[in-house]
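Model the placement of chain B on the given structure of chain A, informed by the hints.
Keeping their order, the protein sequence lines are chains A and B. Just so you know, the first sequence maps onto residues 16 to 126 in the numbering used here. Just so you know, the second sequence maps onto residues 40 to 153 in the numbering used here.
Among the hints, erroneous ones may be present.
[Stated by the list, open to error] Simulated restraints on C-beta separations: (1) A:His22 - B:Arg103: 30 to 38 angstroms; (2) A:Asn18 - B:Gly124: 33 to 41 angstroms; (3) A:Ser33 - B:Leu153: 40 to 48 angstroms; (4) B:Gly124 - A:Pro23: 24 to 32 angstroms; (5) A:Gly31 - B:Arg103: 47 to 55 angstroms; (6) B:Leu151 - A:Ser27: 50 to 58 angstroms; (7) B:Leu151 - A:Leu61: 23 to 31 angstroms.
What the hints contain is simulated information worked out from the structure, not anything from laboratory work. We treat Cβ as the ideally placed atom computed from N, Cα and C, and that holds for glycine.
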Amino acid sequence: GENVEQHPSTLSVQEGDSAVIKCTYSDSASNYFPWYKQELGKRPQLIIDIRSNVGEKKDQRIAVTLNKTAKHFSLHITETQPEDSAVYFCAAGTGFQKLVFGTGTRLLVSP
Amino acid sequence: DTGVSQDPRHKITKRGQNVTFRCDPISEHNRLYWYRQTLGQGPEFLTYFQNEAQLEKSRLLSDRFSAERPKGSFSTLEIQRTEQGDSAMYLCASSYGQGGETQYFGPGTRLLVL
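The following block holds chain A by itself, in its conformation from the complex (with noise of 0.2 angstroms):
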């Protein structure tokens, strides 16, 4: 089955700096890979996503580039805010089907 992992684990930066979350998956069938932002107590928001057939997809501060040769898809932020700060999932998956989540990556942005 996939496996989608994730780095890195905790992501440190100062305000309007860039962070970069990297991940790699395994099952060369998965053509749909979204981000997940999630505030403590709160459910997973969408912030992006992408699909096979794009190589990459911005919107506004936030970009996602996909490899499907090396599957592996990072997330891009840019000029971060502390707002930013929270976990940030990504996940692959196929069609319609299940979505497998990577562990996640704390980002504190300190002002």
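Okay, now just chain B, sitting in the frame of chain A:
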């Protein structure tokens, strides 16, 4: 609120008791998923429905766990003879079938088994 809702939000029970959780998906979403999340981990897939049909169950889902979605709308997840290892956040998500892989999560039910 038109998002995914779950009830109860918190449940404390004693080992050996049965518990049932409810999930109401976003209206017209035909797919509904259950995940379990323990502290410091990502959500872990349990099972999912398309309309009222249960299409996949995780190997992690022991026979003490059962889920239903009888009319293709809300779903229930029951855990029989609870064990301390069942303590976790139980998350429900829904998605809309036509070109919609995006899964929208509910607030979860936090279960503590004493």
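Which hint numbers doesn't this structure obey?
When the structure is compared with the hints, numbers 2, 6 turn out to be violated.
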